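Undergrad: Using the sequences plus the hints, can you model the full thing?
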Amino acid sequence: MHRDHDPLTPVTWARVTDLFEQAVGRPAAQREALLSVLRLHEPLVAAEVASLLESHDRPGDFLPSISVDDEPPDLAGRSVGAYRLLTLLGTGGAGAVYLAERSDGSFAKRVAVKLLSSGFVPLRDRFLRERDFLAGLEHPNIARLLDAGTTDDHLLYLVMEYVEGLPIDRHCEERALRVTDRIALLLQVCAGVAYAHRHLIIHCDIKPENVLVTRDGQVKLLDFGIARPISRLGTITRHRPATPAYSSPEQLQGEALTTASDVYSLGVLAHVVLTGSSPYALRTTRLDELVSAVVTAEPQRASLTPGLAPQVARQLRGDIDTVLTKALAKDPARRYASVEQMAGDLERFRTGYPVLARPDSFAYWLRKSIGRHRLAAIMVAILAAGLFGTAILSMWQARLAEQRFDDLRAFAHTVVFDVNDALAPIAGTTAARKLVVETALRYLDRLFAEGSADAGLREELAAGYIGIGKVQGGAFLPNLGDAAGAVASFRKAIAISSIAPTRELERSRVEALISIAQLSVDPIAGAPEFAEAVDAANRLLDRDASDPKALRLLADAYHGLATVAHLTNDVPRHVAMATRQIETRERLRALGAPSWPDEASLARAIAQLALALEQRGDYEAALAQLERAHVLLETAIAGAGENQMLQRGLAEVRSRKTPVLLALKRIDSAATEAEAAVSMLEPLVATDPANVQYHADLAYAWLRLGDARRAEGRLKDSLDLHRRALAVRRERAERHAGFIFVPWELTRSLNSVADLLLTMTPARPEEAATLFEEARTVGMRTLAVAPSFTQVRKQVAVASEGAARAGAARGGNPQSMRLAESAGVWREVVARSVEDPTSVRELSRLEALTTSARSAEAERR
Amino acid sequence: MSSDLAERQPVVDHREGRSLSAGAIFPVVYAELRRLAHHYLARERPGHTLQATALVHEVYLRLVPRGDAAWDDRRRFVAIAAHVMREILIEHARSRGRLKRGGDRERVWSASVVAAEDAEFDRWEDLDRALDRLAALDPRQASVVELRYFGGLTVEEAATVLAVSPKTVKRDWSVARAWLRRELDV
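Chains A and B supply the protein sequences, listed in that same order.
Here this note's numbering is used: the first residue of the first sequence is 1, the next is one more, and so on.
Here this note's numbering is used: the first residue of the second sequence is 1001, the next is one more, and so on.
In short, the hints are calculated from the structure, not lab data.
Predicted, not measured: the structure shown is a model, and the values here were computed from it.
Ideal Cβ positions, reconstructed from N, Cα and C, are used throughout, including at glycine.
Mixed in with the good hints there might be a few duds.
Facing chain A, according to a computed beta carbon distance under 8 Å, are these residues of chain B, among others [said to hold, decoys possible]: (1) V1175; (2) A1178; (3) W1179.
TA: This is how it looks when you write it as structure tokens:
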């Protein structure tokens, strides 16, 4: 019944609209008042407004449902070709799917018949296209096409393998499958999609409803209805909108599609299967929000899905988050390059290997994926070694070696250096590092043997041998303790570098020389190599005085010579070499803006000079140098910000002031500096507990603070600090036996603890006696192979004296024999040293002690 | 304009900021929209939330957030998309109604005939006519209905397209609904 109203004009209607708006929000009484006034002046408008208000107030929705259900009729019972339709299974985009069987009963196998329910031309085309695609696909994870045809009344049909199963998400849900089982199903999906891609077909509509899982866990991919062939360019441009929740951003934006679009959809599918919800946390199912989420929003991390069981979240955290993030990247180029690669990562995850997906560089990936897990790290190393071998072998097979040399070298470089650098800080990975580096080198050796005298290749080889040498037994680095193997590798590097040397090869030769010299068991044995390195570096500088690498090598060589002088107790030479090292590093600094590692090295060089001056007895001069190094490092820290290397350097410089300040009797300052060093180093150790160098530094700082405490008279605190330092050094002695400083550090700590014990509890000298004895034994054993190690000899002298004192404290006779032994050792020390006033003083003291002990013994007799 | 060509050309190349000059492009766009709309309808199936309004949404999302020189044309384009959706939905309902009444064998929906209420088809026809009458009184109110109801746009989106405040759209929507309800007498 349509009301007969007076014709409304747009002007009247505008008035009606206004009044309706004024009235609609008011209570009934006010509305009525408004209307009654209105009725007096504008009866037509009043009637219209009243009528609209009445319509407005009526409950319920009145507009027809906008969604158009295009339900096809149920054709169950009729025959289609040789098949009889049994029951309607469902309706799809292009038609209906029926369960069917052969009408002639020739075999009982049930099939699915897909019937096109529309004559609409585009749909018909699509139906035929699906038929053509499926005809070419035969894969266990793709529902097979059995037959196709047209009915008498011109309906198109496809006869398909009947898949009795559930959509993958429901299957997982109903069986409450574990994460790894869900991944196994996803791998089957990937296999089907990858197969389609190999046949140049992009599915375009991957979603749970199109991925059925049978009762026995077989995945079947369905519905190639909107699949498209890939053109020669690898893209498809004319495509249809698919289910938006599973569509890639480029699909929703109508851009050209590649197989990466299916990778994206697989990412969404995996997210849904693993977490039960979409990667986009949407409040509604509104299409516009979904589209804008797919196009712009970052997908939610799977592990952070609300409501996820904690143990599932834990499993997904990390690798699966990374895999899905990569698959769901907005930019197709940032996704997995293929479904196989994505499947590879899923498989790696399933079998407990680290995934390959990482947003950044190879080195970044290594650092991240290795984490702090030794086992995983070793796996990575083995994988990397295998990967390397495979890559090279396949290049050989392809006879591409010639063209690929450059790639190959770059790859070798990556494996040798990135893997090595990533693994180096992790305790217990040295064997893995060795495996990687050796594998890489074996292949490089083979390349070399192929007969190429290419200088670039030799440069790589030399660098590679130096790399493996350091892993085998490099000084100042965690290593395999295989000093002989290391020296052999460094010698190979030298041999390779000596053939028609380029500048780079010459630099490698110098580095190898320095590396060999640093490994000398007897300090003086390294001197010739260091000296040769100095000459070679100087020759490089003759040709190019501003070669920073050559300057660094020269400084390193001087550092080595200074260290030799220090260990052999040649004080003037120690001062001279330390001074040359400083000069060289200052030349480097004059080249341009100093980098922070160079600044740290300069500070270390200055600290070494301070050590030499301290030994000479120039305490004020030593302190002045240490202050200089202190300022230099603080300036560098101000420029470089948080930097552990610089912090470490500063801590070392400050703790080195302690013995100098103690010698100057400035006990308070000595303690302050040592405390500062300890409080700087302790957090560094805490952040990187695997870094052995930090532990060694902290042990030094404890030892020096212990000395300051002792001077303050706080003997118990002192003992505690010295004991802590000793514990670190014992561990170091076990793990890094080949490192030249280790026995010296150990003997010093043993002597310090023993001496304190003896001072504090002279009545109970047993432990002190044992520790002195141990120091003496370690020292003698070291001197047997390193007779030039005068610093260790000093400790042996100290230990012998200590043993004598401990024996006397035990109530026995004053041990003139042990004192004489100590004096003898000091005599040897003085004979081997050059200008060491301290040793000379100690010698006279011990000789006096021995004399008095002998006369005391003679008196007793 | 053959449908094949229309299919190959993007509806509108917004990425290049190309203006939709009304005279030359709208006929192409119009044909393309109609084709897409049919496609959307054909994919309609139970259990899927893809509404017929998806088309307009997509058009809106592609065009409107990118404000530049072609702004007016874009807004107009969205309004047209909503109008096209209305035409197609009503045409669709009409054709089903005609088939139900034993009509046209040439029509493409031959296998999709379902028993639907005659009244349902009539309501679509009535709605169409009522909207036309409303457009004669206040074209903007009719546009609001097209955008909100046939286009599925939110109040804010419709306000953007019509270059009015959301409050105005709410008011138009409220009064237009009351009008339509009375006209349809439901």
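Undergrad: Next item in the hint list is W1179/B. Is there a CB on chain A closer than 8 Å to its CB?
TA: holds, 6 Å
Undergrad: How about A1178/B: closest beta carbon in chain A under 8 Å, or not?
TA: Since chain A brings a Cβ to about 4 Å from A1178/B, closer than 8 Å, the hint holds.
Undergrad: Answer holds if the nearest beta-carbon of chain A is closer than 8 Å to that of V1175/B; otherwise answer violated.
TA: The hint holds - V1175/B has a Cβ within 8 Å of chain A, the shortest such distance being about 5 Å.
Comparing the model with each numbered hint stated earlier shows that all of them hold.
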